[in-house]
Structure formats: C-alpha cells, structure tokens
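S.K.: Now for the letters of each chain:
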Amino acid sequence: MAVVNLQTLSKNEDLLTGGHRACAGCTGSNILRQIMLTAGQDTVVGGATGCMEVVTTIFPYTAWKTPFIHSAFENCAATISGAETAFRALKKRGELPVPREKINFIAFGGDGGTYDIGLQSLSGAMERGHNMLYVCYDNEAYMNTGIQRSGATPFGAHTSTAPAGKVKQGKDRHRKDLTKIMVAHNIPYVAQTTPFHWKDLQMKVRKALDVDGPAFLNILMPCTVGWGFDPALGIELSKMATECNFWPLFEVENGEYKLTYKPKADRTPIEEWLKQQVRFKHLFKPGNEHLIVEIQRWVDDEQRKLLKLCGEA
Amino acid sequence: MKQIYVGLTGNEAVATAFKQARPHVAPAFPITPQTEMMHKFADFVADGVVDTEMILVESEHSAMSAAIGAAATGARTFTATSSAGFALMWEVVYIAASLRLPICMPVVNRALSGNINIHNDHSDAMGGRDAGWIQLWCENTQEAYDHALMCWRIAEHKDVRLPVMINYDGFIISHTSESLHILPDEDAWKFVGPKDLKTGYSLLDVDHPITVGPLDLTDYYFEHKLSQIEALKRAPKYIAEVYKEFGELTGRHYSFYEEYRTDDADMIIVALGSTAGTAKDVIDAQREKGVKVGLLKIHMFRPFPAAELAKALSKAKVVGVMDKSASFGGWGGPLFNEIRSALYDLPARPKIHNWIYGLGGRDTDTKQIVSLIEQLQAIAKGREAETVNLLGVRL
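Chains as they are written, first to last, in the working numbering: chain A, 1205 to 1517; chain B, 2 to 396.
Be a bit skeptical, because a hint or two may be false.
Calculated from the model, a selection of chain A residues having no Cβ within reach of chain B, i.e. all distances over 10 Å [to be verified]: (1) Gly1350; (2) Ala1445; (3) Tyr1461; (4) Gly1515.
Result set (EDC-like, lysine to aspartate or glutamate): computed pairs, CA atoms no more than 16 Å apart in a straight line [what the hints assert, rightly or not]: (5) A:Lys1296 to B:Asp52; (6) A:Lys1295 to B:Asp52; (7) A:Lys1306 to B:Asp208; (8) B:Lys199 to A:Glu1299.
Which chain B residues face chain A? A few, computed with CB under 7 Å, are given here [said to hold, decoys possible]: (9) Ile56; (10) Asp197; (11) Leu198.
Since the hints were derived computationally from the structure, they do not count as laboratory data. Ideal Cβ placement from N, Cα and C applies to all residues, glycine included.
Chain A extracted, bound-state conformation (with noise of 0.2 Å):
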C-alpha cells in the first residue's frame, strides 16, 4: 500500500470541484474531497438523497469530476451493487465502455440515508458481497430536511423532532452502533473515522477500495447548522470527539478489531466537546446535570468495550 503523505496527495486532482453548494464550514465536502483524492478519476459515485448529494448535483451543474448516480433516499447502496454487477457482467463479456481492470465503486449517504431508511438496502448490498465501499458520513440527524432526530443522534440532543422543552430534554435514547452492525455483516474491512484525522482516513479508504469485497466507513461528520457551533471549528469538533471517546477511531479487518488512534489515559470529559454545540446547551441548566453524566457513563461503558475487542483492555 502506498504511504499517504500530503506531498502525494496535494499532487492528486480535487475530483470534487469547489462551487458547490454545501453551506460555509461544512465538513461533508472535506470528507468527500480527501475521499475522493484517494479514489481517483476511475471511480463510480453514488449518492443517497442528503445534504451532499444536494449540494453538488443541482441541474444543470454537477461538482462531481467522476461519474455520479442518485436514485432515491433509501437505495444508493442497491443502486451501486447494480452498477457494480453490470460492470462485471460487461467485462466478461468485453463491453465495457472504456477497459478497466478495475473501478471503484463508493455509494454514500447520511446517518439517516445509512442508519434508518437505507439500513435495509445496506445490509442486504453488504451480505451480498458487491466490490464495493459505503461511506456513511454520520452528522448524527436528518439535517437536508432540517435537523430531525434519526438513530444516530446521541442521547439529549436537540433536534426538530425531538426538541429540548419543558418537560423534554431533547433525545432519550442513546444512538444505535451502526458500524458494530455492519461488522456483524462479516465483510472485510468496516472503519470508522474523522475529516480531521486526513491521515488515518485516506489509510482506511485505500484500505477499503483495495479489499475484495464490500467495504464500510463511518465518518462523523460535524454540522455547523444541526449541531450549532462556529463554521471555523467543525474540524476541530471532529478532533474533539476523538478525543474525548465520543468517536474513537479504529477498523475492523476480517473479523479483527484494531485501535488506529490510542486516546490519551486522562481522555478529555464530554462536558468539553458538548458545550460547544448548541443542541446540547440545555444540558448544562441547573437540574439536567445528571443528563451529562448518563452521556459520560455510556461513553466511557461503549469504550471499555471497544478496548476489549481491540485487546487493549
């Protein structure tokens, strides 16, 4: 495997060009871009319905420098397994509009494209073993359709559909463990990882593309306008949640877990990163103190466990 360096990198063409739509700090089209660099010019695109298939397709413009599909919400990953299929189907066969050994195929979407609607459509393009990779960039609520609850919210925050109130406190549920689910599906490689962490996750997505078979990444993905915090630190938020074990960084390949970031031992409390975001500020009223040590215990509980499974405990 190549070594990634920001020399190579910065020499690779930006195959996401800029004019895009998306909205000033947002770190979706960061994520796409460094995915992309690694990528390349041969690589088939699919986008769920979401803020980033929103913001770089509107008709008649296009950001996008590789091919590029978008059917629906629910079905970008049944929708590359096709494109998939047909390129092996037209290979065999010595059709392919221009000869490749090989392309990538990268089908994304949002938490709610990846954890709720499009779950179904996911598993069974995973289970089905298509060489391809999924990227869920995970900015932990529906925030196209204005910043409703979905199954990767954390526990309190604020949302549209479950705002914080005077008898609600924003989500009572801690979210589900998307990429423990997509392990389960014994696929190859399954990562997850941060725009701020460029290196770890050009790694994991060259990891990815070059496993037989599908692949799996969740990148969290701050949203200055569904999280509210100043457009400038959307990747230091990112940072922040790493190192405070809200998002630790690690990949699972056949089976076996590893840690690709050891946390320091005194990890920074989560009161630090949550009191940068708006949807978590009614946590910090007089009463709701026990809100954050609920949120405290399950991520220090969902760490312990991950240590385990990496054979760091």
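Start from chain A and add chain B according to the hints.
M.R.: Below, chain B without anything else, positioned relative to chain A:
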C-alpha cells in the same frame, strides 16, 4: 422461419424469451406469482445457458434500484414483480422512467393487499400507469412470450429509451401450460440483437463522467418531464414498427389493440389480458344466435392510443368496458375513464358503461360475460342503466 412448438407456462415462456435476449443483469426478489419466472431464468443461469449476472436482492425496492444502477451503465437489465412487490418499488419505478432507462419488467398481475390475496386482478399495474413506463398487456402465453422478445427492441430504441412493463395475468397465464410457438435461440437473438452500447451515456465511462439523477428544481424539472411526455408520444411509431417486423418474421401480427368480430358490431366489449380469451368464446356463441357483439382487446395501454381507439369504437352503439381493478372513490375503473375520455370528441358517441370485475382472482366465467352482453343489449334498446357496475360480486 421454422419455429418450435412447445408447451410452457406463461412464466416459463417469458423466462425463455428473456434468456434468448441475453441480458447482462437481472435483479430478482420473490413474490407470487412472478417467482417461477425467475426460478426458470435462474436455472438457465445455473446451467450456463445464459451468462446474465443475477442480483438476489433483499426487496423489490432494491430490485428496481439495482436495475437502475445497472441500466445506467448501459447493461441490458430486467427484473420482474407482482402486486405488493410492485407497490413497494413504486417510488423507483418512476425514477427508472425519469432517468430514461430501458429496463424491461414483467408485472405478473395480482391483487393488491389488503386483505392479502395472491390471485389475479390488475390493481398492481394500474397503480403504476402514470409512472412513465410503456405498458403492454397480454392475453395468453404466446403473447407473453412474443412481448418478452419485442420489449427490448422498443425499450432500447434510441428515440424511445423508456422502460417497458409486460403485463400478464397471475396464475391464469403465469402458471397455466399452453402450447405456443417459440423462436429458435439464434433467430430470437437475430431479432432482439445486442444492446447498443456505443450511443448514449454510460455510468462506467470514467473518461467521460456524467451525473445521473441530480437535484432538479423549478427551472428545469418541467422540461425534463416534457422530454418524458414527448418520448411516450414518439413510442407508438416504433412499437408499430417492431410489431410489423415481428409479424413478418413469425406470422403473429400485433397492433395497439386487437379487434375481434367488431366489423358490424352494435356492442363492443373492451378488456385487457386473459379475460379477452373468455370473451371471444362467448362472443362466438352469441354471434351464432345473431347477437352483434365484438371485442376490443388492448395491448398498448401506455402510451394510450386514444384517437385510434375512439375511431375503432365509434361504430358501436354501446361500449362495455371491463376493469379488473377498482378506483376507490373514483367514477369507474381506470380503463373506463381513459376510453370514455377518448370518446368525448366524437361527433356521435356510443353509450359507454363500466363493469368492475374479477377482483382478487374472482373467476370470470362465460356466464358473467353473457350477463354483461345481455345488459349491453338492454342498454342498446334504450333501457336506463348505471354507468358503473359490478360483475360477479355478491351484492
């Protein structure tokens, strides 16, 4: 040309035709009564008779989604469905047509839930009649086979580029063995021909990247809908050409609709699918008694050949339209509404009445059609009657 005389079910016949068309990709998901078509096709694949890549998806929604991804590369692609499966894929059925992808799909017609019922009516396909697909309807196994060969030529024509739905009645056609003529594989392949992969766009052309299915708002969406409207307007010309060429090849001549003993008919029954076969038998018996009744069976329901149908029906005194699906809360079934609307501009319109029949596979026997003809006779003589009626239901 020498053809082969065989006995096959409708599902087997369609699987045979599809095998002969050598598709690249076939996503599949089970639902009765379509399933056996895919079983048969999977047998062909397992035996190496055809090298199609099947995608055994986890739902019909994913079947159509995978078909979209495959067809967007230029690959010849089909799937098949029925009933609730069609309803589940409904969202993406529209998208397939909007993206102008020449996917072919048998809809082996079955009632929609609820309550759950596996038998034949037309409520599934009628729910998708405005989805932008070409809809062709078959009376028997022979017609299902023939259309399963012809559909590729229609769908993939460079001036059409639309998905095609082939409708044949669940169980009545899908599971009934009938004798039919099929083409030898080489002749079928000569007729269908390879998919043209040179013209048009491919998602796999990484040297000339395109974006498929973008966000399309107030400034362009309507023009894109116009292009679909225009493509469906152009389609009949090419459907007629394919019908003509197929007729010359096989001796089986199709048109947008078939007229059976309508030349001097005072009364014309309009129907889709297998009911036409039963109606023909009844008409033959009635003709012996001197009753001037005929049948108009529609093959091409989308695009709807309104002007031609109006002309064909103009000579009748009374038209009885049989709908095998209800339009709840509407005024008559979908076929009735189209036909009635088509007749509106005639200087002298026949009377037109509707019979909703056969829902959930309720057997439509000869007695029911005799009773329908008796009602038409009474109407022809001036008796007042309901515009919309039910046939074969316990009231």
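S.K.: Does the structure break any of the earlier hints, and which numbers would those be?
M.R.: 10
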